[in-house]
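Protein chains: 2
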Amino acid sequence: MKRSIATVSLSGTLPEKLDAIAAAGFDGVEIFENDLLYYDGSPREVRQICADLGLGISLFQPFRDFEGCRRDRLARNLDRAERKFDLMQELGTDLVLVCSNAAADSVGDRQILLDDLSLLAERAGARNLRIGYEALAWGRHVNTWQQVWDLVREIDHPSLGVLLDSFHTLSLKGDPSGIAQIPGDKIFFVQMADAPILAMDVLEWSRHFRCFPGQGEFDLPGFLAPIIQSGYTGPLSLEIFNDGFRAAPTRANAADGLRSLLYLEEKTRERLVQEAAPAASLEPLFAPPKASDYKGIEFLEFAVDDNQGAQLTHWLERLGFSKAGQHRSKNVSLLRQGDINLVLNAEPYSFGHNFFEAHGPSLCATAIRVQDSASALARAVAYKGQPYRGLVGPNELELAAVRAPDGSLIYLVDQDEAGNPLYESDFNLATAHTGQGGLKRIDHMAMALPADSLDSWVLFYKSLLDFEADDEVVLPDPYGLVKSRALRSRCSTIRLPLNISENKNTAISHALSSYRGSGVHHIAFECDDLFAEVSRAKAAGVPLLDIPLNYYDDLAARFDFDDEFLSELAYFNVLYDRDAQGGELFHVYTEPFAGRFFFELLQRKNGYAGYGAANVAVRLAAMAKSRTGAVRQAKL
Amino acid sequence: MKRSIATVSLSGTLPEKLDAIAAAGFDGVEIFENDLLYYDGSPREVRQICADLGLGISLFQPFRDFEGCRRDRLARNLDRAERKFDLMQELGTDLVLVCSNAAADSVGDRQILLDDLSLLAERAGARNLRIGYEALAWGRHVNTWQQVWDLVREIDHPSLGVLLDSFHTLSLKGDPSGIAQIPGDKIFFVQMADAPILAMDVLEWSRHFRCFPGQGEFDLPGFLAPIIQSGYTGPLSLEIFNDGFRAAPTRANAADGLRSLLYLEEKTRERLVQEAAPAASLEPLFAPPKASDYKGIEFLEFAVDDNQGAQLTHWLERLGFSKAGQHRSKNVSLLRQGDINLVLNAEPYSFGHNFFEAHGPSLCATAIRVQDSASALARAVAYKGQPYRGLVGPNELELAAVRAPDGSLIYLVDQDEAGNPLYESDFNLATAHTGQGGLKRIDHMAMALPADSLDSWVLFYKSLLDFEADDEVVLPDPYGLVKSRALRSRCSTIRLPLNISENKNTAISHALSSYRGSGVHHIAFECDDLFAEVSRAKAAGVPLLDIPLNYYDDLAARFDFDDEFLSELAYFNVLYDRDAQGGELFHVYTEPFAGRFFFELLQRKNGYAGYGAANVAVRLAAMAKSRTGAVRQAKL
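Here the protein sequences line up with chains A and B, keeping their order. Residue numbers for the first sequence follow the UniProt record's numbering, so the first one is 1 and each next one is one higher. Residue numbers for the second sequence follow the UniProt record's numbering, so the first one is 1 and each next one is one higher.
Some hints here could point you the wrong way.
It does not matter which identical chain is meant; a pair holds if it fits inside one copy or across any two.
Calculated lysine-lysine pairs in the DSSO-like style (CA-CA distance at most 27 angstroms, straight line) [to be verified]:
{"no.": "1", "residue 1": "538", "residue 2": "84"}
{"no.": "2", "residue 1": "483", "residue 2": "504"}
{"no.": "3", "residue 1": "605", "residue 2": "2"}
{"no.": "4", "residue 1": "625", "residue 2": "84"}
Because the hints were derived from the structure by calculation, they are not lab data. Remember, it's a predicted structure, so these values are computed and weren't measured experimentally.
Whenever a hint applies, use it, and build me the whole structure from the sequences.
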């Protein structure tokens, strides 16, 4: 399909926007009137800029408050339309978006609406221009696509067609399925916008909270599928009013926009296949290689220098890890426990630049187990991911990899029933495992991200890796709010809670400021007997995050625990949560390593599926105290 | 009245909050349960901290989901209550907030509610504790104060009383007037919260958007007046859930909280006087000296160094100002035009520190005309404003002054029918006015503020100076959003639009980053004939902000102007707006002076009362272009 975006969706001046739209790979652009008004060049110059960039101008928008206007204003409104038609002809576009009248003094009499729209269609037709008529969700009398189609069908003028916008239908919980019955050539244009589900005034919701497809909660494939079935062959365009987008980096955001359309097309294709739609109708939709089934995290790789490497090794050994190998040719070591592989990389230029210099001790790569790494990489590249080829020494395996949004690597590692040959090929492995620890696997890995990058990360994982995203939760830190949204591979073998904070003194913001970018916030290891693991760790001297006794008093009020058990929880600083189905979580946190990221040990019982959100606030408060404890104690 | 605040209203750890609450001058504190849970000290220690700070613990809160709970949970819930009663006794408070049950599976049968609340009152009474029962706006069965009072009256137990929260009533558009009929001793506690009027889910609204009294749009005096009339003598407490407050500087925000209660008391007193309430009932309410009537801005004072002073003088002379005086003993000059006095102060330590060094060329003082400066100053001090006494030389008038939130000064200058003697006393005045300019008066002065300080400024001007605040408007800059809220003296002789932006590349944020704090953004001068003034200014070489021609094409589509008039508007870069009543605004902007603040010349016709909000977007776009024009032109 042709892919388009409205200029209002991006930050910057009109030339900056057009430049970014072309660079992202869009075919066309909707010129939003205000962007033109504020631009210090003529419409003809804009036309030339677009032509030079290879962008079509798919439409001009919006033309407001026309049909059913006060009768004494109709002539003036038609003059206004003619002036805008002049402008469209200078711009070189033949389509204008006319949105339904939202004025309080407008009238809804059907015959008047028919007359007004006929008149406008006549005027447009006389110049070979076309009107796309759209129902605003807050239109005074016309606010559904069904009403729009009723009027368009009745008027039956070649210059008047339906313009569809997913937001205006889905925000009112409208049913798009009947769109399939509209003749495709009567649909002149389609705008796609996603949004989080918010219980608020629909106009405010639309003006400030729209987002790219896949970033919100609307069923957009359910909206697009009947449009494809109608036979519509025009462009698919993004029209996103979003406060964050108004300030977001223009090129990066435009690239996200294009990726979101590709993702929407793939998901719509899947929907149409389920509904046994004719193969020919699927033709225009993007079809990347299918995503892999994932089997968990193969290894995590940390960038360290020698000193930090030794310290991190010491921490991990106290957590029950043991040194399992040394790289054959590089300053890289392997630590293992259960199904967990951690690689400590002290080579300065492993990733094309010195990751340690740039970020300090941090996660530089995540290797995930896939069924077919070539296909997984092809999918990532189809979604405009940046593939990575590392320096491979003799006898080393080359791993498929793609860059995450923060520049770290995601290795795509073929799953092997008998374990993974990559360690044998690259490492001199220790002959026997000596570790005593009972940690089994990586349960989840939480990231701290810059506040304005969450939507971009969500879209990255959803599209390139076909992950799912849980709903956002908002959690209180003593110094502000933290927002968390968890990404999960299907079957949940990989879980990545992403955390942001707009407040500068929260734990998340402190983590970020030390990374100068995004970074791992904590890594959670699962075990079968938390008390055994935590008592071993405590005995080995692992510094555990201290939880206030008042927390345990409250547990006593909330749950039927005997005092002895509560004392044990308190002694080991174990946090507890129980879900509505009786699933239970026991978990404990370490103090941060090098002031940056920390480890969590956890045990899930009876199918507990969450991350202990009920305990995040007490954990964040304990972390704040641990950061500033000495200062504060001295002050009191 | 006793004044209190809930710990949830502030940022930080529990000791930080208590410290700030005491420093602000509150009498008591509501301990929010989570703050206690996350605190690493016993309830007894918290009691001691409060005692040492001279703070009473006015209540413990909240106890949730009790009355009408599932019958199989009642015994467990009573146990839970007993545990919390233990905790209250350790804390040393006798009052607990019990909020109405919000659980979906709770029951609303009146007899069950009566039985459950009776049982709880019995248990509390046995320990000499008291229950304040509150209707949550989203309570499942009980969500109005009328229902609460009905149950409390029926049970008639000395340990059970009504707890009122303004948000829960006003968010549902409830009528508080009947509260006057509740016996005052049956009201156990009163919480006051303001909020902007938002069309959204009431729970989300409550959890994230409450603000201090006077910062929002609720009629809080209308809520408090009947409470005073009931004979209630307990504390007035703030319970503010606000995302911004969770990260705001703790001490400054607590001080704003106390100021907001004083302001609420003054406004409630005025309301009660209007309603002819008995004088004795007014006794407990704060009564500062009345605010002055204001007669406009007497002068503006800029901090400059010699070089900047000469440049600014040159700018102002081209705008029609003339040098009218030189200070008798200081490096300070006076420029005048019409009723406008501008003072350029190049003395390095005029304000106790070098304002120029700290801020660069900027507004350091605003002098406003009052009827009685001593009373105006007393009022500001009663509202905990910081008075300022400058260094006064021989024969100099000493002016009453108070510090604005950014450290600049607000002089309170007595209005004199025959002009102001301060210029004669301090300046060697020029004998004759030589200026040709037709600028008449300062129409408004717009400020750029850090994003999180707007509410604090609004409260400052409302309370100390009794200004009014217009509703907030949101305006698009090419690189983000700008929010603007105008403060006005009654009768509108002084107008101060305050602007903030959370996005770092907007015009407002650029202005701020150059000030390292807040600062003047533009100063608007009114005249009777804009075209005469602008043509004089243009001829004198004042650089005017260039407005794109596309703007004028759109004016042509919107209004019935002839081409000649449009050409004149465009030639002089004049912006135009018309309101619904036919009021008209003509205005023009200069380029910024020294990259910081700029001037506006305007003419109002037919009672136009706004600030040309319709034209702000094109102005901000033009400013962005002016900032970065050269770079961008080179790139294209």
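Hints, verified against the model:
1. 538 x 84: Neither way: residue 538 and residue 84 sit 74 angstroms apart in one copy and 32 angstroms across, limit 27 angstroms.
2. 483 x 504: both (13 angstroms within a copy, 21 angstroms between copies)
3. 605 x 2: neither (50 angstroms within a copy, 50 angstroms between copies)
4. 625 x 84: So residue 625 and residue 84 pass the 27 angstroms test across copies only (25 angstroms; inside, 61 angstroms).
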